[in-house]
Amino acid sequence: MKILRANTRTKIITEEVLPQDWLVYGNRGLIAKILLNEVPPPCEPLGRHNKLIFANGPLAVANISSAQRLSAGAKSPLTGGIKESNGGGIGALRLAQHGIRALVIEDKPEEKDSLDILVISKENYEFTSGKEYKSQETTTITKILQEKYGKDAAIICIGPAGEMLMSTAGIVISDIDGNPSRHCARGGLGAVMGSKGLKAIVIKNEGKYKEVIQQPENYKAALKEYIAELRSAHQTSVAYPEYGTAGIIPTIDNMGAMPSYAFRSGSFDKVEDITGEALRQLILERGGEGKTTHACMPGCVIRCSNIFPDKSGKQKVVSLEYETMVLMGSNLGISNLDTIAELNRLCNEYGLDTVEIGAAIGVYMDVGLVEFGDETSAINLVIEIGRGTLLGKVLGEGSVLTGRVFKSLRVPAVKGQSMAAHEPRSIKGMSVTYATTPMGADHTAGVTTRAQVDHLDPNVQMEVSRNTQVKVAAVDTLGLCLFATTAGPKIPLLMVKMLNGLYGTDFNESLFETLGKNVIIMEREFNIKAGFNEADDRMPEFMREEPMPPHNTVSDITDEHYHSFWDKDFWRND
Amino acid sequence: MIRVRLYSSLNHYIPKSNQEKWFEVSLADAPNIISLIEMLKIPNESVAIVAVNNKAVRPEDYQDVKLADHEEVRIFPIISGG
Chain A
115 MKILRANTRT KIITEEVLPQ DWLVYGNRGL IAKILLNEVP PPCEPLGRHN
165 KLIFANGPLA VANISSAQRL SAGAKSPLTG GIKESNGGGI GALRLAQHGI
215 RALVIEDKPE EKDSLDILVI SKENYEFTSG KEYKSQETTT ITKILQEKYG
265 KDAAIICIGP AGEMLMSTAG IVISDIDGNP SRHCARGGLG AVMGSKGLKA
315 IVIKNEGKYK EVIQQPENYK AALKEYIAEL RSAHQTSVAY PEYGTAGIIP
365 TIDNMGAMPS YAFRSGSFDK VEDITGEALR QLILERGGEG KTTHACMPGC
415 VIRCSNIFPD KSGKQKVVSL EYETMVLMGS NLGISNLDTI AELNRLCNEY
465 GLDTVEIGAA IGVYMDVGLV EFGDETSAIN LVIEIGRGTL LGKVLGEGSV
515 LTGRVFKSLR VPAVKGQSMA AHEPRSIKGM SVTYATTPMG ADHTAGVTTR
565 AQVDHLDPNV QMEVSRNTQV KVAAVDTLGL CLFATTAGPK IPLLMVKMLN
615 GLYGTDFNES LFETLGKNVI IMEREFNIKA GFNEADDRMP EFMREEPMPP
665 HNTVSDITDE HYHSFWDKDF WRND
Chain B
76 MIRVRLYSSL NHYIPKSNQE KWFEVSLADA PNIISLIEML KIPNESVAIV
126 AVNNKAVRPE DYQDVKLADH EEVRIFPIIS GG
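Residue numbers (the numbering used here), protein chains in the order written: chain A, 115 to 688; chain B, 76 to 157.
The set of hints was computed from the structure by calculation and includes no laboratory data.
Remember, it's a predicted structure, so these values are computed and weren't measured experimentally.
Note that CB positions come from ideal geometry on N, CA and C, so glycine has one too.
Among the hints, a few may not be true.
Unchecked claim - Every beta carbon over 10 Å from chain B, so not counted as near; a handful from chain A, in silico:
1. G161
2. S228
3. K248
4. K318
5. P330
6. E331
7. K334
8. A353
9. E356
10. I366
11. E391
12. E399
13. G487
14. D488
15. S522
16. R564
Stated by the list, open to error - Here's a subset of chain A near chain B, in silico, CB distances under 8 Å, partners left out:
17. Q134
18. G361
19. P364
Isolated chain A (complex conformation):
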């Protein structure tokens, strides 16, 4: 496998062999290694010294179900720290088919209005001019490039938000149907891509790279068992395909952990309109191009995604997910699925992170500038962001800047990034995750919602969060979809067996702990050098002091617990 380096100033593209001892370092872990080795942590995120890295994992090339996540990473313009954000789609597989483990985008063009397309085809890599595509929305640019390079090419692009260098801009990846539907959404990586004058990356379906399976019997046995687990576990064979991520509603509302009205409440008075059942019923009733189950990565047997149709059955947004249904729904007092779908669609077209934008608009509503539930105004605000009006530029920087400009004391963010749809005052393990992960308030770094603990007891959360974060960091580094791990406790061992079978290695299950700890320690080191310290590992003041209904709890993890999170004895990898 190789690492491709594309210099956006010189337009020279080189390749180097992936070091043998980096074999299991894909995705998030590989990004951490490269950023720590090569990017000065105090650098300007939108400047020439930052690097934007795309990486897949060691199993992507084998085209295994649910193991082809594509990670994007850089120093984040939103948090000022290290950032990795991953999405599904076909980008990871297409890169692997060209024998590419990582693509490192370096430097930045000298010319101010530079806008390029990077094309990866069999034995040829080149930058071509993309100036004519300036300001194109993501569906448009994806279609244009597919017409030119093949419907089955992977298209990775930014929308107008990334071109405007907004800190809420994400990177969009096309899926198996050719829709630009998957997102490396969090942390403003779209702005980093825009700062390097890169509108899109095209990876043609011409790659022929294959890994020779070293232990075919072992590999096939492990793969068979892995698929059997995914197909038999309730979560991955019923819950996710039938209800998607929205199936979590109304359980999480009942737990009082579903952010509503700018994080004023953990349950929503109009929850019945946006449950997983309501979404499923709407899609089934409308039929047409709507789908209640849909694979975002090729061959994924979990198929948790969906296609939301408009009233005439035409595809409106792929896909409508829990986080958006909350941050752009209950968080804004909006309970109309069509409105939430339209807000989602607009964000997708502009290339924006729905979580961060939802949080920012929530802050704007919370200070009284727009009423909660005002659907028309919410849509108009997103349109302003897409147009880059002055207000749009403020909201497009995320919840923290929005809160600073409009004088809110209720900004739900840590390290500059907004929280997601798991309320940390009702699921107190999320307080630890949001506060301590080097990613900033990022739920995916360590969701504790599923843990069998008393979520309201502050004294048991630190270890739950920490253990989850370590496991997730390993899962993220192997390029595995987190949802595959919900099939049951056998999954990590089966992953290890598949790796060993494919590569002839000798790992055991402790790989997850070793890898996970290594990756988080690297990320923390980057952040410390970028200027972060222990004061940044804390929850916002309002959440520590404002009791939130329905349980009327605050975020009350102690300083001792936060401090002990980084206890050297735990993190030492012997």
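We have chain A already, so just place chain B on it with the hints.
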């Protein structure tokens, strides 16, 4: 009779006629929560929350809490990811 409502993927375990809506169960078949879950053939590990008249019942009380006539029982599935 008690009224029961299962949410999201728990509906997988019950006949279509009862899915995604309130249905009735006789107290004779389900005097307590454990027997209700068993009767509906829901795996224990799939249950996250049981609420009787909108009040959550602790799992350790599923055996002891007796259900009464006209009570409403909601059963929520476990959560994963989001």
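Going through the hints against the structure:
Distance check on G161 (chain A): its Cβ is at least 34 Å (rounded) from any Cβ of chain B, clearing the 10 Å threshold; non-interface status holds. With a closest Cβ-Cβ approach of about 38 Å to chain B, S228 (chain A) is found to remain outside the 10 Å limit, as its non-interface label requires. Even its closest Cβ contact with chain B, about 35 Å, leaves K248 (chain A) beyond 10 Å, as expected for a residue assigned away from the interface. Every C-beta of chain B lies more than 10 Å from that of K318 (chain A), the closest at about 32 Å, which supports listing it as non-interface.
At roughly 32 Å, the least C-beta separation between P330 (chain A) and chain B is larger than 10 Å, which holds for a residue marked as non-interface. The claim that E331 (chain A) lies off the interface holds: its Cβ sits roughly 32 Å from the closest Cβ of chain B, which is beyond the 10 Å cut-off. Separation of K334 (chain A) from chain B is adequate, the least Cβ-Cβ distance of about 28 Å exceeding the 10 Å criterion. Some Cβ of chain B comes within 10 Å of the Cβ of A353 (chain A); the nearest lies about 4 Å off, and the non-interface call is violated.
In this structure E356 (chain A) is not separated from chain B by more than 10 Å, as the shortest Cβ-Cβ distance comes to only about 6 Å. Residue-level check failed: I366 (chain A) sits 6 Å from the nearest beta carbon of chain B, not beyond 10 Å. In this structure E391 (chain A) is not separated from chain B by more than 10 Å, as the shortest Cβ-Cβ distance comes to only about 5 Å. Non-interface call for E399 (chain A) relative to chain B: holds, since the shortest CB-CB distance, roughly 13 Å, exceeds 10 Å.
A cut-off of 10 Å between C-beta atoms confirms that G487 (chain A) is not in contact with chain B; the least separation is 23 Å. Distance to chain B confirms D488 (chain A) as a non-interface residue, since its nearest Cβ pair spans about 26 Å, more than 10 Å. Here S522 (chain A) stays apart from chain B, with its beta-carbon at least about 25 Å from theirs, past the 10 Å limit. Not every Cβ of chain B is farther than 10 Å from the Cβ of R564 (chain A); the closest lies at roughly 5 Å, contradicting the non-interface assignment.
The interface hint given for Q134 (chain A) is broken, as the beta carbon of that residue sits about 33 Å from the closest beta carbon of chain B, more than 8 Å. About 4 Å separates the beta-carbon of G361 (chain A) from the nearest beta-carbon of chain B, less than 8 Å, and the hint is met. Hint status for P364 (chain A): holds, given a least beta-carbon distance of 6 Å to chain B, under 8 Å.
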